[in-house]
Structure formats: structure tokens, C-alpha cells
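Line by line, the protein sequences give chains S and R.
Per the working numbering, residue 13 is the first one in the first sequence, and the count goes up by one each step.
Per the working numbering, residue 13 is the first one in the second sequence, and the count goes up by one each step.
Just so you know, not all the hints are guaranteed correct.
Copies of the same chain are indistinguishable here, so a pair counts whether it falls within one copy or spans any two.
[As the list claims (entries may be wrong)] List of simulated lysine to any residue pairs, SDA-like, C-alpha gap at most 25 Å: (1) Lys67 <-> Pro216; (2) Lys67 <-> Ala211; (3) Lys310 <-> Ser243; (4) Lys67 <-> Pro50; (5) Lys31 <-> Arg148; (6) Lys67 <-> Met335; (7) Lys310 <-> Ala34; (8) Lys31 <-> Gly145; (9) Lys214 <-> Arg163; (10) Lys31 <-> Ala211; (11) Lys31 <-> Gly144; (12) Lys31 <-> Ala193; (13) Lys214 <-> Ile63.
Source of the hints: derived by calculation from the structure; they are not laboratory data.
2 protein chains.
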Amino acid sequence: MQKLATTKRAGRQSVIMDKGTALLYPATVAGPKESLGPLSTFFDRHCKDNIMNEKSFEKAECHMMEEACHLSLSKAGLTPEEVDYFIAGDLLNQIISASYCSRRLSIPYYGIYGACSTLTESMALGSKMIEGGFARHILVATSSHNCSAERQYRYPTEYGHQNPGYSQWTVTGAGALLLGAAGDGPRVESITTGKVVDAEIKDPFALGTAMAPAAADTIYNHFVDLERDPSYYNLIVTGDLGAMGKKLNEDILARNGFNIAPLYTDCGVMIYYPHQKVNAGGSGCACSALVFLGYFYKKMLDRELRRVLLVATGALHSPTSVMQGESIPAVAHAVSLEI
Amino acid sequence: MQKLATTKRAGRQSVIMDKGTALLYPATVAGPKESLGPLSTFFDRHCKDNIMNEKSFEKAECHMMEEACHLSLSKAGLTPEEVDYFIAGDLLNQIISASYCSRRLSIPYYGIYGACSTLTESMALGSKMIEGGFARHILVATSSHNCSAERQYRYPTEYGHQNPGYSQWTVTGAGALLLGAAGDGPRVESITTGKVVDAEIKDPFALGTAMAPAAADTIYNHFVDLERDPSYYNLIVTGDLGAMGKKLNEDILARNGFNIAPLYTDCGVMIYYPHQKVNAGGSGCACSALVFLGYFYKKMLDRELRRVLLVATGALHSPTSVMQGESIPAVAHAVSLEI
Chain S
13 MQKLATTKRA GRQSVIMDKG TALLYPATVA GPKESLGPLS TFFDRHCKDN IMNEKSFEKA
73 ECHMMEEACH LSLSKAGLTP EEVDYFIAGD LLNQIISASY CSRRLSIPYY GIYGACSTLT
133 ESMALGSKMI EGGFARHILV ATSSHNCSAE RQYRYPTEYG HQNPGYSQWT VTGAGALLLG
193 AAGDGPRVES ITTGKVVDAE IKDPFALGTA MAPAAADTIY NHFVDLERDP SYYNLIVTGD
253 LGAMGKKLNE DILARNGFNI APLYTDCGVM IYYPHQKVNA GGSGCACSAL VFLGYFYKKM
313 LDRELRRVLL VATGALHSPT SVMQGESIPA VAHAVSLEI
Chain R
13 MQKLATTKRA GRQSVIMDKG TALLYPATVA GPKESLGPLS TFFDRHCKDN IMNEKSFEKA
73 ECHMMEEACH LSLSKAGLTP EEVDYFIAGD LLNQIISASY CSRRLSIPYY GIYGACSTLT
133 ESMALGSKMI EGGFARHILV ATSSHNCSAE RQYRYPTEYG HQNPGYSQWT VTGAGALLLG
193 AAGDGPRVES ITTGKVVDAE IKDPFALGTA MAPAAADTIY NHFVDLERDP SYYNLIVTGD
253 LGAMGKKLNE DILARNGFNI APLYTDCGVM IYYPHQKVNA GGSGCACSAL VFLGYFYKKM
313 LDRELRRVLL VATGALHSPT SVMQGESIPA VAHAVSLEI
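So that you can see chain S by itself, here it is in the shape it has in the complex:
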């Protein structure tokens, strides 16, 4: 391992934590379709519709994020005043779900944009701040909403546009989590921050294919930086590559000497039943938030999983960039969790 001048750094992209920030009190709010999926019983709240008595899908999405934040704080027995920072982001232009949610929380706020990599981006930034001694508790949150995302990125759902078979279904929901210097929960053991990787994909329906090379790049560099191989982990889980992206990620890593297939899954292939008509699977910031914070977090608490590499992936295009003929760059951030 190439130990750099700053002792916490390992290799080009990774850092090893001394104490390890604890992940505490996850809270999940699932949309109606997600509440009919195979992981439904693991989610805290189930929305019976997409609109939540709000006047727009965007306001409903913000409402879901607020509910997840308040639920996490309530589980922790903390008031917003006792939380040092709020780090959040989402898919909407100007991350309005996060910013408008923050307006009512009144916690010092850092908005971030990593598309569907937001969950691990917020964990990475937050745990570095806690380990650096700058905070005791940080609330992180993310959300996505099928109807707000589809109409922003592609077509309003009311058009009834038929998506190709390799497309994915943007998950409706929100997740929040407290990061703490102390407490019982999985700890952040190391972090590999992703470089932006552009696979030259130009089809905004083929996001799994666009993001898989970024996931593979980050996982590969995680192993190289930390001199590990896949067997170090009980589970490697990506955020929302879907069926096609998952296979591509496996293949790229296998060609580069790492066979992750036996212990690898993707949140996007887990969140819906095949009969729910989601084509290649789920996507969106809430995909990894619901599946990791709802399901895998509990498996870690129960010690069914002790070492998990969580890799949330984000496609960094905008409708404008795609219309201007640009390809879709992507990023993936890996967080190694141990209990």
C-alpha cells in the first residue's frame, strides 16, 4: 500500500479512517410502488400515493425527505439543534428537495450534487468531518421521485412514453441517516472517492451502462489502493446499475482480475419484483437509500453481514447536455462499512 505523507491516505483515491464514523438511526420513506416490492417490510414508512397531499410531485418529494429526516432524528432522540450539519442532495434541478427540506430543519447545511451517488458522497464528506473533529452528529439525506425525475430528465409520465427494455425505473422515496462520532452501528472503515468516468454513452435511458464503468473504476481502485480483493467483504453492493449495468460492472472487474460475482448485488435489481414492469430495475438517489438503509443496514446490525462495500453510482448529465450532443459522464463513491 502506497502510504502518502498524510497517513490517512492510501493510494490515489482512498483514505482509511482511524476511529470510523458510526452510521446511526437510518430512516426510510418508500413510495407506493416501492411499498409493493419485495423489501417493503424493511421500510419505515409507506406512502399510499405519489403526491402526499402536496400540490406537485416536487413538493411531495421534499415532503418525503423531510419525513425521513424527522424520523431519523426522532429515533435518535435528537432535536435539529443538536445536529451539527445537514448534508443532502437529490436529482432535481438546483437540488430543491434538499434545499427546501433544509429550510425547515434549520441545521447548518451543505448541499451536494452527485446524482444517484449522493448517499455515499454524503457519507464520505460527513464521516471525514466527524473524524476530523468538526462535528459530533451530521444528518445526511437523499430522495428521488419517479414523476419529478421522469418529467425533468425524459418525458412527463402522463405522455405514456414507452421506455426501452434497458431503461430503469426511478425510485420514489427518501432516506436519512445520522453520522456520529460514537454509537452502535456499522462504522466507516475506508472511503474510495470516485473519478468522473465517461463511457461515451449518449442515450439517457441507458444509465446503467453509462454508470457501470465508473463503478468498476472505483471498486478496482479501492482494491488496489487498499491491497484487498473481493473476499475481504461479505457483500459488495452498487446503488442503481440495474440488471445490465450490474453485469457490465462484473465483466469489467473480471477482465481486470477481480471476480466479484459471488458476493455482489445491486440495489436496483433488488427493490422491485420482476412483475412490477421496471425493465432493467430501479434507479434514483432513493434506490440505494431505501435498499441499503432499509435492508442491508439491518443485516449488518444483526451481524449477518460484517463487512460491506457500498458503492452508490451517479450519472452526471443534464437534459441540456444530452440535447447538446454530450455523452453521459458518471461517478461512483465507495464506502467500506464494518461492524
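Please arrange chain R on chain S, whose structure you already have, making use of the hints.
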């Protein structure tokens, strides 16, 4: 001063740095209108037009950010491989200037969204990572472009829409800076992270008025957290409140016991001549980037200024949120710099 369990924290919103991250090798790329302004000679590069041989204003903005990044690295004599992180953001949907710039830099990347508060948000996050021992060099960058911002937030400039007198002119340009654990330059002495403040303004032309209460809140809490008053500083400078927001910020602070007027200015009122027809002044992420990194940084290096409180301010609305009748929340992050 309320010293909390974690010693670096002071009060509710502030942290004090032990060593203090150094601000190094700022680089500024100014648009054509900015190159005709009173600070023109302080900028590194001057664009002769808004399009920079690119096919769109969005691509031109990304080009400017890339140029600023490469110039900062070149001044430092560093390759991208020697930089640990790239933290950047801008005003465009999905921060495409930052993400597409990152694609070619190939540095581990954290995208952030704080609208025009991006400069101090990136400084705050980056200097905490450096002081926490997670990095030696971090490149931070931001940009804005009058034509890409106007058509996204308000109307395409080709429409010739007449803006009200209290509107501001989005600055075209980009700025980049290296944060380093060591090196000669102003150091980050303390940071006050802003809460989101909503003054219930609904007019997307009145951004100075929407942001001033957030600036005042952050500056007020900076003084309270650190038991300081304005006389601690040689200069307090906000990012882009413009003439009306600047006056409002002064007034709110004066009503709350802090008279900052004698040592206070705003980048938005400095970047253009009155005859340049910018109404209440400049705005946009590049406003504070050009004025601070181009002008005030040099004043600090020359020891004309030894203690500066830099407060970049961001309006966190989107066109969608405004059309849905929402008000415009805002945030401001303060970074105390000493040399």
C-alpha cells in the same frame, strides 16, 4: 464562547481551525464584460467573447472552468494526479460545468450545489478535509455564465427582456484555487456554515433581497459563536448581494448590534462600472470567485489586508420551485481568512 465536546467547534455554526488550510495559486478567467470592468487588470485571463469557440454557452462555461483549473495547477507546478480531490459546483442544472470539467481532470471528485455560495462552500469542505488529514492538495472551482444562467433561470438573452432595476447581472467567468496543508497564502482561520434562511421573497429578479437575510444570519452567528465584533476584521466582503442586498444586510446587522458598514463591501457592487448597465450589480458563482480570487487575494498577499471575512451567498430556488409558487430560500457560508 460555548466550547463543545469536539474542541474545534465554537457555538452552533462555527469551527476554529488548528493549523489552517492555506489558499494557494488562485486563477481567474473573466468574460468580456467583466474584462471591461474596474478590476479587469487583476484577472488572469480575459475572454474576448461569450462563446470561446464552443457550440453552446454551457460548453463555453465549462471551458472557462477548465481553463481556470489548469491555470491554477500550472501556477502550482502540480499535475492533476498530484491533487487529492476536486470540489466544484456551478449554477447549471445538474452542475454540468463542474461535472464535465471533472471528466477531463480525472481527480477524485465531489460535486456540490450551493448556487453562488459555492466558493465558500468548497473552501469550507475542502479545508476541513485537509485539516482532518485526508488530503494534501484540493482543487476547488466554480463558474457562472450570463447567457447560460439567464436562459435557465429567467429568459434567453435573445428575447431582450427588460430586467427591473433591482435585478443583477450574472457574471461570466470562472475561478479556481488550490487548498493546501502547507504553503504561503492566506489561511482559513475559522468557518461559519450557514443555515438556510427564507425571507419569503418570490421574485426571482430580487435575489439580493432574498439572500441578504441569510448573509446577515451567518455573519451574526459568526460574531456570536466566536465572541467577535466587526473590528476583528480589516474587511468583510459578501459574494453577490448587489447594491440593494448589501444595504439590507448592513441594516439587519446594525439592528442586531453589529455595525459592519465602515469595513464592508460586496463583490457584486465592485465588479462592474456603473455605466455597464448591470442594475443592482453582479451576481453568480463567478462574482465572488473573480473579485476575491483576483483582487482581494492579492491584497492579502501584499498585507494590505490581514484579516478578511469572506461570505459567499446563494439563492437556492429553481425555476420550477418559483413557478410552483415557492419563495426563494438562501444560504451563506463565511470563511475567516488570515495572513
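> Between copies, within a copy, both or neither: which fits Lys31 and Ala211 at Cα up to 25 Å?
Replying inline: Cα proximity of Lys31 and Ala211: none, with 36 Å in one copy and 41 Å across.
> When no copy is specified for Lys31 and Gly144, does a C-alpha distance of 25 Å or less occur within a copy, between copies, both, or neither?
Replying inline: Intra 10 Å, inter 12 Å, cutoff 25 Å: intra and inter.
> For the identical chains here, do Lys310 and Ala34 meet the 25 Å Cα criterion within one copy, between copies, both, or neither?
Replying inline: within (14 Å within a copy, 42 Å between copies)
> Are the CA atoms of Lys67 and Ala211 at most 25 Å apart within a copy, between copies, both, or neither?
Replying inline: Answer is between; shortest inter-copy Cα gap is 22 Å, intra-copy 38 Å.
> Within a copy, between copies, both or neither: where do Lys310 and Ser243 come within 25 Å Cα-Cα?
Replying inline: Classified as within; 21 Å inside a copy, 53 Å across copies.
>> Please sort Lys31 with Ala193 into within, between, both or neither, judging by C-alpha distance up to 25 Å.
In response: Cα proximity of Lys31 and Ala193: in one copy and across copies (8 Å, 22 Å).
> 25 Å Cα cut-off: does Lys31 pair with Gly145 within a copy, between copies, both or neither?
Replying inline: The answer is both: 11 Å in one copy and 13 Å across copies each meet 25 Å.
> Can you tell me if Lys214 and Ile63 fall within 25 Å by alpha carbon in one copy, between copies, both or neither?
Replying inline: between (32 Å within a copy, 23 Å between copies)
> Between Lys67 and Met335, at a C-alpha cutoff of 25 Å, which is it: within one copy, between copies, both, or neither?
Replying inline: between (29 Å within a copy, 12 Å between copies)
> From the Cα coordinates, with 25 Å as the cut-off, is the pair Lys214 and Arg163 best called within, between, both, or neither?
Replying inline: Both ways: Lys214 and Arg163 sit 18 Å apart in one copy and 24 Å across, limit 25 Å.
>> For Lys31 and Arg148, with the copy left unspecified, which applies at a CA distance of at most 25 Å: within, between, both, or neither?
In response: Classified as both: same-chain Cα gap 13 Å, cross-chain 20 Å, threshold 25 Å.
> Quick one: Lys67 to Pro50, C-alpha cut-off 25 Å, is that within a copy, between copies, both, or neither?
Replying inline: neither (30 Å within a copy, 47 Å between copies)
Checked against the numbered hints given earlier, the structure breaks hints 4 and 10 and satisfies all the rest.
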